[in-house]
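**Q** Each chain sits in its own coordinate frame; assemble them with the hints.
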Amino acid sequence: MKHRLVNALPALVLVLALLGAWELYADSGATSSSILPAPHTIAQSLWSNAGLLSHNLAVTAEEVVLGLALALALGFALGVLIHLSPPLRRACYPLTVGSQAVPIAVIAPLLVFLLGFGLLPKLIVIVLICFFPVVVTTVDGLAAVDPDQLKLLRTLDASRLQAFRFAELPAALPAAISGARIAVTVGVIGAYIAESQTATSGAYAGLGHEINADLSSLQTSRAYAAAVVLFAFAIACFYTLSLVERRLAPWANQSRGDLR
Amino acid sequence: MPIELQSRAHLTPGRRPPEQRTPPQRTAGATRANDGIGLSDVSRAYRDRHGASVQALAGISLHADHGELLAVVGPSGCGKTTLLELICGLQTPDAGALECSPAALMPQRDLLLPWLSALDNAALALRIAGSPRAASRAQAAELFAELGLGGFEAAHPHELSGGMRQRVAFLRTLLSGKPVLCLDEPFGALDAITRAEMQAWLGRALAREPRTVVLVTHDVEEAIVLADRVAVLSPRPGRLRAEIEIDLPRPRSRTDAAVVALRERALSALGLGAAAGQEMMTGMDSGTAAGMGSAP
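For the protein sequence lines, the chains are A and B, in the order given.
Each residue of the first sequence is one higher than the one before, starting from 0 at the first, in numbering that gives the first Met the number 0.
Each residue of the second sequence is one higher than the one before, starting from 0 at the first, in numbering that gives the first Met the number 0.
One should not assume that every hint holds.
Residues from chain A that face chain B, not an exhaustive set, calculated with beta carbons under 10 Å [what the hints assert, rightly or not]:
hint: 1; residue: N48
hint: 2; residue: L152
hint: 3; residue: A170
Stretches of chain A that chain B covers, calculated by requiring three or more beta carbons in the stretch to come under 8 Å of a beta carbon on chain B [claimed, not checked]:
hint: 4; region: 36-47
hint: 5; region: 160-168
Treat the hints as calculated values from the structure; they're not laboratory data.
Yeah, the Cβ is synthetic: ideal placement off N, Cα and C, and Gly gets one too.
Chain B on its own, in the form it takes in the complex (with noise of 0.2 Å):
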């Protein structure tokens, strides 16, 4: 499904046509021209255990470009996995538009299967599309040399560490070979150095397969290095507060200069920077984020 190009634009106005804003280094692959996804004034209210109705989102608008990383922080209960199941068409949204392309949901628990090996559960997209058991295992083989897990395809998930459940976890949704990834804080339960580790794991990984990715994080850190734009929530209801353009070439270290700049700038969007407050509910422009990135 294509997204509306039109609307978007008027929504935005201001931003470089799509095709011209996609890096380079994360264009074409597996997926389609115009796999991506877009929000326009998007609302989503839930009933609560009590039955009293909880307003998650408010008049979101957001859009990613086929190949683009759109990272999502914002604090806690800002209505950040409500936005996820929205796109991936687990929730309809009570008002707005929404267009997205087929989606595929890493969750926060990586939900592997007990009784399958790492391979298996990588592979089980496949296996629920209809490839022979064996095809399926042979597809995500591949994949799992490429990736640096060759030798853990007989493990089960009890035997794994952290890390590697959420590796075979998103190499699970990466077969699902639909052309939107939606990452709801994928390494959130690791320990920083492994954390950082899996970052720089994702980041090869996403270059190889090229995605459209909703990357889902409360570490503004995690981030800036790995997105192509960062849209910063308020909490709940969620709306967009900023949304930053990253245009800092990869990979990215966390002790850049233009990094850390960039994260109190998002910082300061979440009233946490130093500068708090000052840039509170105004739309980062792009092009101002942009120049700030490249900057020395």
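One chain only, chain A, in its complex shape (with noise of 0.2 Å):
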């Protein structure tokens, strides 16, 4: 634990120093407050809003933690047929990374009036951002492979079934949880993006569509405060997902670094 306290020291320290920082600048007034609140305002603001950004926290976490989910198996599944099939590979890869330009506000206001207001076209935005880090990086896991240690398992007359189980999915999955790290970062912007394009019809429409109507009603400082709970947020879901790759992946560890 006090392992941990120590290599935690520098993150804190750099934080601290740019709060410090950002104090000094709002405080001396160069800015106004409407624009950038100093940090002890935001403070301020995410004390007397705690429910109300707790209720909001609530609702995109869900759409992220649920969107994560299904990207992740969505992504595992597509970057599996494509690595065990050429021709599927060539017919979904082009498709997969295109899928990455389509600019949502395009098809935010079509999914509101084909699936209503609810949590699904959102569900389907954060897939769309989420699961192409999880393909490429499953794909690349998956051809990662010894091929020695394919050629042994052929030896002790693997079928190619047992092959892929025993050999190539355990050797991509570090691999797919890297691409959900990188996934859950860009899912909680993705889930800012969903709340902003698509209407909502419940009490709380989630931190991303707290901060834009704050930010549209001048409530800067209580938009900044939204904010940070998302980052906080973001922050949280990367390391989740690193102790899970240590619980699932635990022979990863051996030869990276420690920054996780």
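**A** Put into structure tokens, the structure is as follows:
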């Protein structure tokens, strides 16, 4: 535990230094507080709006977690299919890459029109943004299996499926989880975009929606407070996935540094 | 698949019938009779990265009988790995006849799966054959205890030393249940002390679990200490230069006069010994080699 704290120290020092600089700049009067509120104002707003923000966080977290789970399942499945079938690879890869270039603003109204004001259109936007890194890392992970390893399994009379089950699948797991770590950070942005682009019927519309509403009503410090919550949520998701990787793929930690 | 005894007999005239030549300490066991390999006049070429055809083996005739340990020595690039892949069925010969019982390969690199424990790695072939995990582990655990790996069952490959990893890789090959084991320079990457330990360990393991073994090695001494017969190959394309019978009692010491004499003989066949050139390209007469081996 003590070791962990020592590891976290540099990040803490950096955050404090950045906050200090920000505080000095904001207090100097160089900008208006409706454009860049000082950190202490944001902290106050965070405290006094804790209830509102936590309700909105719950909405956004649900979108991100469900969206990421869907993106992982779809991305991993597509990665495996692409790996196993060269024709499928040629068929799917260009479309997969192209899916990253789809301007969400173009299809969001369509999704709302087709699927209503609920969770579903937001999930689709998040999945669209998240599944690409999972597909790419999964395909790369599967292809990175040692060919000698596969040859060895062949001398042990392993079927194609068994070679996949014993060698390729576990070899690709850390790569797929790395993809998921990238996906979760862009997924949080995805949730913001989804909430900005699609209308919502519920009492709380999520942090992204809250940020936009606050900015347009000049409640800048509350918008910043919501952004801070989103920021912390993204970091928490990233490190949760690192923990998951350590549980699911402990062998992957041997050769890598401690960037987690 | 039984080997062609007839064709082999005429290929290697003057040899004793195989059932008499099998040394008594490594008969029977889990394998059937005729669990050997036979290659007659086998050639194999492969394409290199630039698409050029490279002749790896040219007209090789070799055989190993049930329970026999055949060592294959030769310079780098003499097609030893191609030879093993042919025996294991990973390649097919371009010319010649190949009759081999099912063979399992122990590659130069251990290729243990990092996500499996040592025990699960050793039991891999059993799992692949459809045996449930618990039963496979139990069967592997028995061998672990018997062959001095007890206590390392749960260790993962990255926690094991090079020698231990090779032991686990050997057990994985052994547990494939195939009558022929092809060992591709199993101890090549180990330091000299560990290698000597491993050679002794392999000797004990095979005494307990007899198999037909084809051992490919750079190390002439290793070949003489472990094998029943040593085949010396020429540089690429690999041809058989000499075959040396090792009719010495086990365990053998590398400082034994007979071992040293046979080593000199093998080295000269490779063109490396003090007597280099004398016996080049002449198939070693097995009677002479055996007589020399039993001399004090």
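**Q** With reference to the structure, classify each hint as holding or not holding.
**A** Hint check:
1. N48: violated, 46 Å
2. L152: OK, holds: L152 (chain A) within 10 Å of chain B, min 7 Å.
3. A170: Cβ of A170 (chain A) sits 8 Å from chain B, so the hint holds.
4. 36-47: Our answer is that it is violated, as 0 residues pass the Cβ test (under 8 Å) against chain B, missing three.
5. 160-168: That given contact holds, which follows from 3 residues of the region 160-168 of chain A lying within Cβ reach (below 8 Å) of chain B.
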